[in-house]
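These protein sequence lines map, in sequence, to chains A and B.
Be aware that the first sequence starts at 1, since it is given in the working numbering, and climbs by one per residue.
Be aware that the second sequence starts at 1, since it is given in the working numbering, and climbs by one per residue.
Just so you know, these hints were derived from the structure itself, not from any lab.
Ideal Cβ positions, reconstructed from N, Cα and C, are used throughout, including at glycine.
Treat the hints with caution; some may be incorrect.
Short, incomplete list of chain B residues facing chain A, as computed with Cβ under 7 Å [as the list claims (entries may be wrong)]: (1) Leu46; (2) Trp48; (3) Tyr59; (4) Pro62; (5) Asp90; (6) Tyr95; (7) Thr102; (8) Thr103; (9) Ala104; (10) Trp108; (11) Gly111; (12) Thr112.
List time: in silico EDC-like cross-link candidates among lysine to aspartate or glutamate, alpha-carbon distance up to 16 Å [as the list claims (entries may be wrong)]: (13) Lys68/A - Glu52/A; (14) Lys13/B - Asp106/B; (15) Lys55/A - Glu16/B; (16) Lys44/B - Asp87/A; (17) Lys44/B - Asp90/B; (18) Lys47/A - Asp106/B; (19) Lys82/B - Glu16/B; (20) Lys47/A - Glu47/B; (21) Lys55/A - Asp87/A; (22) Lys44/A - Asp106/B.
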Amino acid sequence: QSALTQPPSASGSPGQSVTISCTGTSNDIGGYNYVSWYQQHPGKAPKLMIYEVTKRPSGVPDRFSGSKSGNTASLTVSGLQAEDEADYYCSSYAVSNNLGVFGTGTTVSVL
Amino acid sequence: QVQLQESGPGLVKPSETLALTCAVSGYSISRGYSWGWVRQPPGKGLEWIGSIDHSGPTYYNPSLRSRVTMSLDTSKNQFSLKVTSVTAADTAVYYCARRLATTAGDYWGQGTLVTVSS
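Turn these sequences into a full structure, and let the hints steer you where they fit.
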């Protein structure tokens, strides 16, 4: 099972929006609404930001939103803040291993 | 509040077995959910190693299946990971996590660095 494809980096100024894409196949993203997104600051554990494509866990700001079209999922961070600077990983259920697969990761910089 | 905490040796010799435990507090692992392990080599991305359901069934990453074993200890409310015949490629930060049915990990341990070196 290959990793899902994400752009290596993305950036935006404070207050702006940034969107990160995550591309898979019909055997993972395209076939199931089981996409999740994680935020990871250096030296810290991943934090769940979005699950089941669009749902936010309690405590996650509504500046974070998720969507999906075909085999590609997206995470949008609106109203960028300095603390949003981190690595972001997508993940999806994968029928090939019944376990899940992560994306390659995107580093978001707040300019 | 659900909390997870990994423990185990930080240094393992090549060809030996890596063994980690994840202690869970704030939730009984026998009640539900599945419980998983993720690793992250230094400077690289995340990889699911495997998961074990509260009722026992396991799912392992095909690339690691021949070397991985996971188990539950409900009496101690903890679950464990063993990886045999380790090499330098198994050097990574190992995280334990609670998994939703949709495979998302909603609670994570802080992670523990395991280095494979002689």
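Tested hints:
1. The beta carbon of Leu46/B is positioned within 7 Å of a beta carbon in chain A (closest approach about 4 Å), and the interface hint is therefore held.
2. Proximity of Trp48/B to chain A holds as hinted, the smallest CB-CB distance being about 5 Å (cut-off 7 Å).
3. Hint status for Tyr59/B: holds, given a least beta-carbon distance of 5 Å to chain A, under 7 Å.
4. Hint status for Pro62/B relative to chain A: holds, with the closest Cβ pair at about 6 Å, below 7 Å.
5. Interface restraint check: Asp90/B against chain A, minimum CB-CB distance 17 Å, threshold 7 Å, status violated.
6. A least Cβ separation of about 6 Å between Tyr95/B and chain A falls short of the 7 Å threshold, and the interface hint therefore holds.
7. The interface hint given for Thr102/B holds, since its Cβ lies 4 Å from the closest Cβ of chain A, which is under the 7 Å cut-off.
8. Here the hint on Thr103/B is kept, as its CB sits about 4 Å from the closest CB of chain A, short of 7 Å.
9. The restraint placing Ala104/B at the interface with chain A holds, with a minimum CB-CB distance near 4 Å, inside the 7 Å limit.
10. The closest approach between the C-beta of Trp108/B and any C-beta of chain A is roughly 4 Å, which is under the 7 Å cut-off, so the hint is satisfied.
11. Checking Gly111/B against chain A: minimum C-beta separation of about 5 Å stays under 7 Å; hint holds.
12. Given the 7 Å rule on beta carbons, the hint for Thr112/B is violated: about 11 Å separates it from the nearest Cβ of chain A.
13. Simply put, Lys68/A and Glu52/A have alpha-carbon atoms about 10 Å apart, close enough for the 16 Å limit, and the pair holds.
14. For the proposed pair Lys13/B and Asp106/B, the alpha carbon gap of about 32 Å is over 16 Å, so the pair is violated.
15. Of the supplied pair hints, the one linking Lys55/A and Glu16/B is violated, its CA atoms being roughly 42 Å apart against a limit of 16 Å.
16. With a CA separation close to 11 Å, the supplied pair Lys44/B and Asp87/A stays within the 16 Å bound.
17. Between Lys44/B and Asp90/B the CA atoms are separated by roughly 12 Å; this keeps the pair inside 16 Å, and the hint holds.
18. Pair hint Lys47/A plus Asp106/B holds up; C-alpha atoms about 7 Å apart against a cutoff of 16 Å.
19. Taking the CA atoms of Lys82/B and Glu16/B, the gap is near 10 Å; set against the 16 Å cutoff, the hint holds.
20. The straight-line distance between the Cα atoms of Lys47/A and Glu47/B is roughly 15 Å, inside the 16 Å bound, and the hint therefore holds.
21. For a cut-off of 16 Å, the pair hint linking Lys55/A to Asp87/A is broken: about 20 Å separates their Cα positions.
22. Distance restraint check for Lys44/A and Asp106/B: the Cα-Cα separation of roughly 15 Å lies within the 16 Å cut-off, and the hinted pair is therefore satisfied.
The structure is inconsistent with the numbered hints 5, 12, 14, 15 and 21, although it conforms to all the rest.
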